[in-house]
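> Residues per chain, in single letters:
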Amino acid sequence: MTGPSIGYIALVIAALAGVPLLTASNVVLNFLVVALLIALVGQGWNVLGGYGGQYSFGHAAFFGTGAYVTAILQMRYGVNAWIAFVLGIAGGALTGAVIGALTFRSGLRGSYFALVTLAFAEVLRILASVAPITGAGVGILITLDLRPQAFQFQSRAPFYWIILSLVAISLIIVRVIEQSRFGAWLVAVRENEDAAKAVGVDTAGVKLVAMTISAAITAGGGGFYAQYFLFIDSGIAYGPWISVEALLAPIVGGIGTVFGPLLGALVVKTLGELTKLVTGDAPGLDLVIYGSVLIVIVAFAPHGIAGLLADLRVRFARLRSSVPEGAHD
Amino acid sequence: MLSPVILVPAVLNGLLTGAVYGLVALGLTLIYGVLHIINFAHGALLTAAMFAAFFAHRLLGLDPYVAALVLTPLFFALGYCLQRFVIGPAAHGQDRNILLVTLGLAVVIENVLLYAFGADTRTLNLDYAFNVVDLGIAFLAVPRVIAFGVVLVIAVVLWLILSLTDTGKAIRAVAKEKLGAELSGIDVGHIYAVTFGLGTACLAIAACLLIPTYYVNPHIGNAFVLIAFTIVVLGGMGSVTGALFGGLFIGVVESLCGLYLGESLGQIGIFAMFILVLLLRPSGLFGERA
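Chains as they are written, first to last, in my numbering: chain P, 4 to 332; chain L, 7 to 296.
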């Protein structure tokens, strides 16, 4: 597998890092922050779904845990925001490890895995909507405290650079996984789990590690969400919307590729914004678009935009070398 | 302990509710048994059917039981077309893709309804909705008793279709051995679509049975479909009788949980049971097929 080099990742991140220097527009930065947030959450899903072939329909479980741990530790126990954020990631990873241990030990695959992850996310959502510590139906408001040591900033640019760094870290993690022996095992599990097991891959262990990493990355997105918007409730943190966006970004961008989730998140969020421009802020309509995009991509571009681009490149190369159509097939 | 005066009506009402759960699960299990996919759009399609039944009464003045005669073939056609022209072609023969496509369909259907009708909860006010039959030990709502009877009839009809008609035999053949069925001249694509249509038609009937005593909003299907998933897993994926008895069982469990634990915890009870069933019965039924 030939992924992008670390230098290429650095180049892309450096180019994106320059954006706040070019524009101070809150609209642009806000759009990019949200898109990068989805890219991060989607990268989490991509580790497990894209490389491991385990399609989770309940990544909200990790996003929400990251968000709630970050918010609860600060507001209820007076923990520093940055420490709370790190512990939120740890909490998400732990949730992933526990759910993974339960499901993979039971041998749940495919549809069943999707179902059971969905059910776990829903259970957490219902619990969060009644438990006093999560603020029950009211949710949690993080008190305004615009100091960097409280993980809050006057302007959007620092938030932008932080989420960009998180995305950069996730890109590097995925890139390292892709090149590692562990990554090869993971892909083997995706392609044919029984065969992987037969040649001695500890498939349950590999999936468990992948799920833990995946959950940690997604939980980072949740914690960031809490700090950026300063409010969460059970519908936001554990709601199905984030489970859908988590899988939409990598699938649209290119499932099982390093840049897929970033590419997909930018495209999907752009589509969402365009819909809002055309129709106003109608409830549900952006999700209608997302659902349709999901179906269209699966139907016509199973490898996402990255796949389409690779296709184009091949065709272009063929044209240039004027090899007759189909000579390579 | 509660006295029989409370317990018996709770059990009977649980059975009545459970019958409709069973019908929803029947559609799901039928589709799973033949296509070997979990249809994540099942709940959204149920919601759509409930809206259809609601507006058939509101706008056209059709009684839900009459509307069922129209909506059932309509939803059969809808299901047929969805499988034939959307899910089938989009899936490229991969189970993972089918998961995503049905999830996409669910998101689209649910949010189109949300966009069109808003998040409000609506109810029909039918004059017979509050009629009851007195069994001596319990009062039972007439629409729910009718629902129970209709579900039993539907189950028998479905069983007859599957065991006696040529299409039914073809469906069973495809469920057992897809390649063999294809080799003996069965149009598998057509049979898949027919099965999907039958599963969707079950939802239209369930919707018409529910709407006299229940409410409808764009997310209502989710509540039912999770219960249906539980039933299907409990009753054995693909088993028609399993779905029916599983439905009755879950109906009673839910009714008793609500009695002992209260409403919101009862909801968690269903989820907890679902996860437990999935985790504790992994081999055989679940392990072999993705």
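Careful: at least some of the hints might be erroneous.
Unchecked claim - Simulated crosslink set (SDA-like; lysine to any residue; CA at most 25 Å straight-line):
| no. | chain 1 | residue 1 | chain 2 | residue 2 |
| --- | --- | --- | --- | --- |
| 1 | P | Lys200 | L | Asn103 |
| 2 | L | Lys184 | P | Lys279 |
| 3 | P | Lys279 | L | Leu120 |
| 4 | P | Lys200 | L | Leu286 |
If you are wondering where the hints come from, they were derived from the structure by calculation, not from laboratory data.
> Against this structure, judge whether each hint is valid.
Against the structure, the hints come out as follows:
Of the supplied pair hints, the one linking Lys200 of chain P and Asn103 of chain L holds, its CA atoms being roughly 24 Å apart against a limit of 25 Å. Restraint check: the Cα-Cα separation between Lys184 of chain L and Lys279 of chain P comes to about 45 Å, which exceeds 25 Å; the hinted pair is violated. This hinted pair checks out: Lys279 of chain P and Leu120 of chain L have alpha carbons roughly 16 Å apart, not beyond 25 Å. A distance of roughly 22 Å separates the Cα atoms of Lys200 of chain P and Leu286 of chain L; the hinted pair therefore holds under the 25 Å criterion.
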